[in-house]
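Now for the letters of each chain:
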Amino acid sequence: MSTQEQKPEPDTEPEEPESQEAPVEQRAPASPQQRRMQRKASNLAERERQAAEDEAKLEGDTVHLKVFRFDPEVANKQEPRFDDFHVPLERGMTVLDALIYARDEYDSSLTFRHSCRQAICGSDAFFVNGSQRLGCKTQLSELDQPVRVEPLPHQEVVKDLVVDMEHFYDQMHSVEPYMQQEDLPEGDLAEMRQSRENREKIKMSTRCIWCGACMSSCNIAAGDNQYLGPAAINKAYRFAMDEREDEEIKEHRLRIIEQEHGVWRCQTQFSCTEVCPKDIPLTEHIQELKREAVKKNLKFW
Amino acid sequence: MYEHDVIVVGAGGAGLRAAIAAHEAGADVAMVTKLHPVRSHTGAAEGGINAALREGDDWELHAYDTMKGSDYLGDAPAIETLAKDAPEDTITLEHWGMPFSREDDGTVSQRPFGGLSFPRTTYAGAETGHHLLHVLYEQVVKRGIQVYDEWFVMNLAVTDEPDPNDRTCHGVVAYDVQSGKIEGFKATNGVIIATGGPGQAFDHTTNAVSCTGDGQAMAYRAGVPLEDMEFVQFHPTTLPSTGVLISEGVRGEGGILYNEDGERFMFEHGYANNDGELASRDVVSRAELTEVNEGRGVEDEYVHLDMRHLGAERILDRLENILHLAEDFEGVDGLVEPMPVKPGQHYEMGGIETDENGETCIDGLYAAGECACVSVHGANRLGGNALPELVVFGKRAGYHAAGADLGEAAIETGYSEDVEDETNPDLPVTPGEAGLEPAGGAVAADGSGQVLDEADVLERAVEAERARTERLMEREDGVKHADVRAKLQRAMTRDVNVFREAEGLKRALREIRECRELYQEVAVQDPSRTFNTDLQMTYETRNLIDIAETIALGALVRNEFRGAHWRLENQVRDDENWLKHTLISWNGGKPSIWYRPVILEGEAKTYEPKVRSY
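One line per chain: the protein sequences are A and B, in this order. Residue numbers for the first sequence follow my numbering, beginning at 1 and rising by one. Residue numbers for the second sequence follow my numbering, beginning at 1 and rising by one.
Derived from the structure by calculation, the hints contain no laboratory data. Built from N, CA and C at the ideal position, the CB exists for glycine as well. Please note: incorrect hints may appear among the correct ones.
Stated by the list, open to error - The list that follows gives simulated cross-link-like pairs (lysine-lysine, DSSO-like), each with its CA atoms no further than 30 Å apart:
hint, chain 1, residue 1, chain 2, residue 2
1, A, Lys295, A, Lys201
2, B, Lys487, A, Lys66
3, A, Lys296, B, Lys487
4, B, Lys142, A, Lys295
5, B, Lys487, A, Lys137
6, B, Lys487, A, Lys201
What the hints assert, rightly or not - Cβ pair distances, simulated, as ranges:
hint, chain 1, residue 1, chain 2, residue 2, range
7, A, Asn297, B, Glu3, 44 to 52 Å
8, B, Phe267, A, Gln287, 45 to 53 Å
9, A, Pro153, B, Asp453, 47 to 55 Å
The shape of chain B in the complex, shown without the other chains (with noise of 0.2 Å):
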């Protein structure tokens, strides 16, 4: 068993940051990560990080885009904290020796992004993640912190109480993909999860093969909510054949988006009158479908974006990155032809119910990052808002994770007697795990109500991971985890994409169903316990069922069109009856999806829910 006083599960952006924060307050702080911290998914963000550094500009600006690009469904404090924090970790990453673009008098340059009034995005070159990813763990690397590498955390080592909200996390169970051991990690301060989104639940997607959901899946078996998992970005610039992304940064700088007929359509065809292409994501990538369904598409498949205009030198200076990528995933040449582009699953806005600090409803649990809904994007993030959100957010969970007092939290966590509960979701199957097996090793599994020592409670997780990964090695025949995950993407990417209607939802979750009984069937076929994928990626198709499914409940059930989710049944946003947010509990195996409001009310003022334009 190893012991630290917080344990950091992932290492990308929010991972390091709060590990950072955790050292910085005091603690003892390891991270527990499944890849080496280089070659998480925050290295491949491009675009830049929104603070409001500038005369001209302040956090009170930023906070307003981003409430209205949630349309309506951030909570105040977590926006307003993002917004407020975000110049002076900005500013941090700077001193740490992040290689931003410059100005010529040597400051950090700005440009501007989708959705907001000032050009507050910080940029290096079109390859800010990268850059972010490599400084903060230069952090890491300079303070010393231990980091467990290639460490896949299988468990939460939490309490059984029947409420989650009496529950403590101890600690996590993880398997060490080198050498097949699974250990016990035992955290006397706090976990923090900061595992990034769950993109492979979708097949065409600019998520790494790594991104499965696995700490959300974790902390919803444990008893934590998953909140607004129904509203996924569809980025509107992925290039075609790979899902790889083209930075919002193109058209930040001017890059145009036509049609087949050469026709500039966000305005031609009356989209976003006055924004055009730096209409938010949502908004482009509803326009490039409905051109490509209206026959208006190259190929009857996508849309060109076209930079050449700007000229070489501008677009070697500032996007030299999307050459690179448009000629080696697509074979096109940015300077002289126009780069084909259509919408692909780029972001959960959904995720791990926490309050500003970054606490989740079972103690000692946090989460921060794409994993974590703290809820800043609402129904829709704005581009450059996942990189602050990360070093925000991290900080701050890692900060409270080792004992430094925050101040309390506005934000509420955790089901409660006084919430909305749907009663009637019409669904066409069952979702959860009831009858099928208890749920993934959870040591909430008994029921008994039994309040376990610290160490019992870890051991029996360990027990319970290494009888589970017994099962999946000793079955001799069976499915191939790969073709129940490819079952889950095509099903997902047909019928809980761009546009959404009951009937397709409800096909998407009957095929969820079918994924959830054939992986019952799912055998191992590599015998070794050395570095051994196979075992890893079934792991990762368990969580990725559990996800999938709360996105395609969530929206079924929110029959209104908001931020990146519309409704075929209902196209208007209606804030009378749906100005609130989705939370499903899992329930030891058997969902619940409950409400509560979304709050509007900030520091100083309450945002007033406008019709949104761009």
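Chain A on its own, in the form it takes in the complex (with noise of 0.2 Å):
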């Protein structure tokens, strides 16, 4: 197993952006204005004194990353390995910050999903330091170095950091995931109505953004592929809650996720709800709708 040493060069800063210039109004001398710009002048020399010291205590800081690389069609990267990268420290640098810089700067193959930065996409979660997590997420700062980033565990490796997530997406697809209710209000521009209650019952299951952190963490979806997983079932619970839906696709969507590999397989040892980068209480949703289940079927005893 190879591993690169690589080390920032020195004279790599990227340059400020210079800050706009805008027209500054003249004003008569003394104003308060002016009073406030001298204020200003002095403060200024105290803070960039300060921020220097900061620099200084940062300075030659760097965080030493191990990521995970294979690739199967390149000679060296075809037997799996850990590349180490030292990227200089900034404060508020994110694990995805620490990423792209990498690749950025040191090597371009490297190769990881990312998009928004704002933890909405749903595309970067990886394996951190043992921890399903989402890079954008995730302060360097709490973290203990090396930070060991990998990809997700129990998902096929497309290259780096990249996983296939065509399994994901069929269980997400698997439990009809849309809205069913034909029935609608009669009259122009008039809405179902739901209740502020029930819209706040399903506010933290509509927060899913499919990245894949709690399938990943789940040992039952790891030792069976067809189980439906937590967010395929808590989508599933989104609509099974929503009043909007009537009785009858209700009790539809509980025989989806009741089948043999549905809800019973979960073994409530809450590592989804623990990994959630957007906190949905996953577990509970399986457990209320085993219960849901329970009673749709004393009900037709």
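The task is to assemble the complex, starting from two chains supplied on their own in separate frames and drawing on the hints.
What follows is the structure, given as structure tokens:
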């Protein structure tokens, strides 16, 4: 297994963009504005001194990343390995920021999905120091070094940190993840009514960003490839609990999730709930659906 | 080769809505998108959807507010179409299960937003875009619409008649990111571009890394004019360190902006004596930067947005997502302290010139959403008007491409003999690609004027893209695309920002030219065909260069102050000379600039330009 040691070059600091020049209005001398500018000037000196001190503390500080590498068609990457990257640390830097830096400055073949940088697109779930986390939402300052970044476990690796998401998407699609109510209220612009309480009840379940962290963390899903998994069951919950859908449709949904590889597989280990970056109480939702399924079955007894 | 009736490029809000409409109209429709649909940047929209749903409001008020917000650069037929269609299209979303916030009687909630005369912004917490995106994707799954995800569309397959108005689009060429293969997708009825904005032309932006203006660049190089590109919205409330968006909903609910001295500057310094924080976005962004430039900014960089007085209950009910964003991306607890905010690039008002049916001047080529310019937003987009634009014009483009009759469009497209040409643009360098390389592999490159049959057009486009890719992959040593992109972003952020002046704009054009020259040397380091993001980002950077240039060109020629576009040399709105759209045509690598008058005549009335104050 080969490893690359790469150190930052000393003069690769990105240039600070210059700030916008705007027209400064001329004002009478000794106006509050002028006094303010003077005070600013002295404050500025103090702040610059402080900033220089802070920089001095950070200077030379790098974060050590160990990143999983694999490429099925590149000779020296066909055997999985870890590459080391030493990235200059900046305040507020996230795992994603460090990966972007490593890619743009050291190795442009370093491959990972990412898009929004703000925890809404769900592209950048990785296995960071042994747990499933979104790269963009994970501060380096919270992590022990070296920071190990690996692809999500229990999914096939396509390349480096990119995993095959097809199975995850198939499971999401299998619970009929769409509103089925077709009996709409009469009249122009008439919406279906939904109580505030009911909206609140489904609120957390609607926050799922399909990142796949939960599925990757789940022992059951690892052992049973057909298990629907926490995200898909949560998607079913989102509709089953929505009062805008008829009772009949809800029963249809409960039949989907109580199949052999559905809710009853869950052993309430809470690993999905722990890793969910959107704090969705996944295990609770699965438990609640189990109770609903029991109630439905009693009704038909 | 793949074949469908309608191909939708991009799977954000506009693309998904277009695909659903085309499917409803009976077409075999497929989506080709470089991201999986739920990763699209529509998901980051926070605020809401403007629609006149309630008693006391009507579409005409919405249209008037939008025209005023546009600083009289929106076209009335487009604005009126938006305002009339938005209510029904918003309720359709509700019927599809959209989890809108609710009133006590169970109806959907609406809140005030900047520049609106009625609280008509329909919302789902502060994560409206996320819910919109997921609801639309759910409907695509329900209908079994084919999605080719992680397929990057590289170019359009367009015929090569000399006049772009005579050309026809027959499909697209796409690159399968997972396998690296390049294939043609034939569209028998039409191609709809819905690829979003070009925010990555700037380095402080709310936009995703994937917002690289691909569709705009492809349409531009194929011969469709880009319209009003100089109008770039800088959102007044983005987090200083990352550019993450803090919704206008915070101000809509009563959030207040303070400078370092604790002054409520929107009122105390007279920027907007009536509406204060809820003035239009361009007004608030300029006010904030003026505060900072005059020494009243916090740490000389930003201002404070305070929502503490709203109380934890209301914040948690309506703005919870904002608390998470401020905490995760700035380390600030919005319940106990004010949030630091500054302006950041947010939205491109301009784009691919279309009519109100989404059609461009090229037969069979459509565009909808942020990548298009229909034009609804004119010189400044109102908050809450982007999401209704996605659903209204996405739907219309989808129906039209599938062959449904939407009536004749009132808006003209394409260059014609009777438009006004810009004859003396005073440019510091020659724009475009003349003398560098053929026009990005566009089929029109040979200029023969020969009309090819459809299959040939697509095949030639595929071959051109394969050849381009080989060249990029074969080069051994060269410039990194990341360095070219970073240089471009710095130039745009420094000189094509909120406050603009001729000298800075010329400097930006020179730097963009340097980026083009550097790009000639760009080399892809990653030798793999599997998930080669090095290669994909290299294609994207080329698109950004072409788009950034149109933004800077438009900004240089438009010597007036209108909406989001401010010029040092002429700080007034000049209706006598500038009540017109700026259009830029690629002309096979030799861009030209021309103008078309704005349409202020609506269905029942003519909108008279008035002084715009808030």
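Status of each hint after checking the structure:
{"no.": "1", "hint": "A/Lys295 - A/Lys201", "in the structure": "19 Å, holds"}
{"no.": "2", "hint": "B/Lys487 - A/Lys66", "in the structure": "29 Å, holds"}
{"no.": "3", "hint": "A/Lys296 - B/Lys487", "in the structure": "62 Å, violated"}
{"no.": "4", "hint": "B/Lys142 - A/Lys295", "in the structure": "28 Å, holds"}
{"no.": "5", "hint": "B/Lys487 - A/Lys137", "in the structure": "27 Å, holds"}
{"no.": "6", "hint": "B/Lys487 - A/Lys201", "in the structure": "48 Å, violated"}
{"no.": "7", "hint": "A/Asn297 - B/Glu3: 44 to 52 Å", "in the structure": "48 Å, holds"}
{"no.": "8", "hint": "B/Phe267 - A/Gln287: 45 to 53 Å", "in the structure": "52 Å, holds"}
{"no.": "9", "hint": "A/Pro153 - B/Asp453: 47 to 55 Å", "in the structure": "51 Å, holds"}
Hints 3, 6, counting from the list given before, are not met by this structure.
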